[in-house]
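**Student:** Assemble the whole structure, with the sequences as input and the hints as a guide.
Chains A and B are the protein sequences, given in the same order.
Numbering-wise (my numbering), the first sequence opens with residue 1 and increments by one.
Numbering-wise (my numbering), the second sequence opens with residue 221 and increments by one.
Hint data in this document are derived by calculation from the structure and do not stem from the laboratory.
Do not take every clue at face value.
[Claimed, not checked] Have a look at the derived ranges for each label pair, beta carbon to beta carbon: (1) A/Arg79 - B/Met643: 46 to 56 Å; (2) A/Val105 - B/Val676: 53 to 63 Å; (3) A/Arg79 - B/Pro682: 39 to 49 Å; (4) B/Arg690 - A/Met101: 50 to 60 Å; (5) A/His57 - B/Gly401: 14 to 24 Å; (6) B/Leu497 - A/Met116: 37 to 47 Å; (7) B/Ala417 - A/His57: 32 to 42 Å; (8) B/Ala446 - A/Val105: 48 to 58 Å; (9) B/Phe237 - A/Val105: 48 to 58 Å; (10) A/Val105 - B/Trp249: 36 to 46 Å; (11) B/Leu240 - A/Pro117: 39 to 49 Å; (12) A/Leu99 - B/Val429: 18 to 28 Å; (13) B/Trp249 - A/Val72: 58 to 68 Å.
Keep in mind that this is a model prediction, so the values were computed, not measured.
For each residue, glycine too, the CB sits at the ideal point set by N, CA and C.
Residue-level listing of the chains:
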Amino acid sequence: MSNLAYDAAHLLGALVLMMSFALLYQRRLSALLNAFTLQAVALAAAAAWQGYAQHSHHLFITAVLTLVLKAVVMPVALRRIVVKLNIERTIEPALSIGLTMVAGVSLVTLSILLVMPVTEDATALTREDLALSLSVVLLGLLMMISRRNAVSQVVGFMSIENGLILAAIGVAGMPMIVEMSIAFSVMVAFIVFGIFLFHIRERFDTLDVQKIESFRGESQ
Amino acid sequence: MNLIAVIVALPALSAGFLALIPSWRMAAWANVAAAAVTFVVSLGLFADDTGAGWLFVVDAFNIYLVVLTCFVSLTTSLFSATYIRHEVETGRLKALNLRFYHAMYQAFVFTMLLALSANNLGVMWVAVEGATLTTVLMVSLYRTAPAIEAAWKYFILCGVGIALALFGTILMYMAAQPVMGPGLPAMTWTDLMGSVARVNPDILNLAFVFLLVGYGTKVGLAPLHAWLPDAHAEGPTPISAVLSGLLLNVAIYAVLRFKMLLAANGAAMAPGPLMALMGLASLLLAAFMLYRRRDIKRFFAYSSIEHMGLITFAFGMGGPLANFAGLLHMAMHSLTKSAIFYAVGHVAQAKGTQRIDKISGLTVSHPALGWGLVLGVVAIAGLPPFGVFMSEFLLVTSTFARYPWLALILAAGILLAVGALVMRVQRMAFGEPDGAPVPVHGSLIPLYVHLALVLVAGVWLPEPLVAWFRTVAALLG
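**Tutor:** If you want it as structure tokens, here you go:
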């Protein structure tokens, strides 16, 4: 692989990771969805570039699917839900923003320390892509933990899936079936999430997961 | 080899067909018929040769799980038909929900059979993900606030678990790809088993940790079990029965497939201690939690966590005897726990409540049902002569021979759980029944068929089954 191919792939992977950090410090839902859209665009570009560099055409399909589903369909649909259900537009973090960022940086360090030593015989690009994607996955987890709002939990879940796609495109010749399934599952997951958002709205008049937690079958 | 394709396709086709039937009565019986056909065809696997294609694999390990899954889904569909009738008559479920329910039931069976028989890591992952989605939809069937909360929690926790499992799957491919070349073979079980010895063990270890945590969430292992009691308690009882009896087995099966790869590699870490620790933690946690449960379905859900802990511990111990005990326990727990949920479903309908302290004198007011529950609890507590006794006995003795201290903790956990089971069931089954007895028109056939099978297994195991268990126990390392 030439230097340019390596540099570009590295840059795009890092962009996806950067948008993961951007997701962590958003205080408004609209800004959160914007950051998610940018992450999806960066991911689609990364997939397309890998498709070009590896000469594997099915990665272009992955790129298009990512672009259509995650950069267009889902943000638009989530925005509609936010408007239609008149959800609180600000996000109340369970952890303070500063603390979340510190935790995020430590998670990235952790994943680099974890991945680099065990992958010594893989190509440099694969290794670094893997470290980046593990970071994106862990940051997505952190976001799901540190946010109480159901919409931002959905966004956190989808950014975990972004990290998984980033990992899958970085490994040479990963069979098509997995990428298709990711795209498909995200779509199905979104439908389910959507249904849930509506039902939760019906029952609770709020999308604050913290309040739902009080409905414990045991305690009543 | 073509037979397995038919077996997997049957429930998928039935799901589409059931979605078209408007009458819930007809759909319930069509559901039974579909499950029966699938079960009868699955029996043909015993005559058919085992083997592997690019999509499916049938070997000593999954053949009995496939047949068990078909069997339990048949008996559960029978139970479901009578259970659903009562729920509609009391107005808890609407006809529209049921059309969806029956289609989802078959879709769920399809995903489980696909996960069990897939020869491809990716396909198996997709199937487990599909099983999660279909059950989430069924858990929220009642549309009450606790049901939706349970489904949401289930979805978030298992969604994250499934995501981690996919990361592990990608790592597994990444480990195999330099040795086996890019493409499909590096994701195929049977090809991987042949070349895994040359694979980089470090990446394999990393992959296994992600897979254990990921699929372990679906098994309901200790720190990741939070979704399980809620999903069992708030969903319809037939779904609790298949969740406990079948889905947890499928998740364990997935973990074990990867454990086989690690065992075949040689240089990779020994996954045993990690699994044994998680198993023991689940066992002890569930045993203590059993004492404070007030909801009958939640109570038996914790009992499922306990037994999943036992099974994981058994495979963590490894060795021919403990592995044998684990495999046997998977089958016995599946039959017994689903039988208990059949009883519990009708008990909750007869008494109009799921609260344990409001249920009493079952053997007086509903003798057949009450005694069925008592027998089921005796079986799940691991008392002789039922099959669970045999597997637990085998596990404790094989552990005692190697690590006496661990066996002590193990036995303490089992006894604690037995105490809780006896205490609770005594209150529910005996004593004065409160209120006038409400008749239940449930079918008790599935319940007693399961109990009879567990009893027979406790006394005598068929020779081919023992031979398969031995083969698989050796492969598991």
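**Student:** Hint by hint, where does the structure go against what was stated? Just the numbers, ascending.
**Tutor:** 3, 6, 8, 10, 11 and 13
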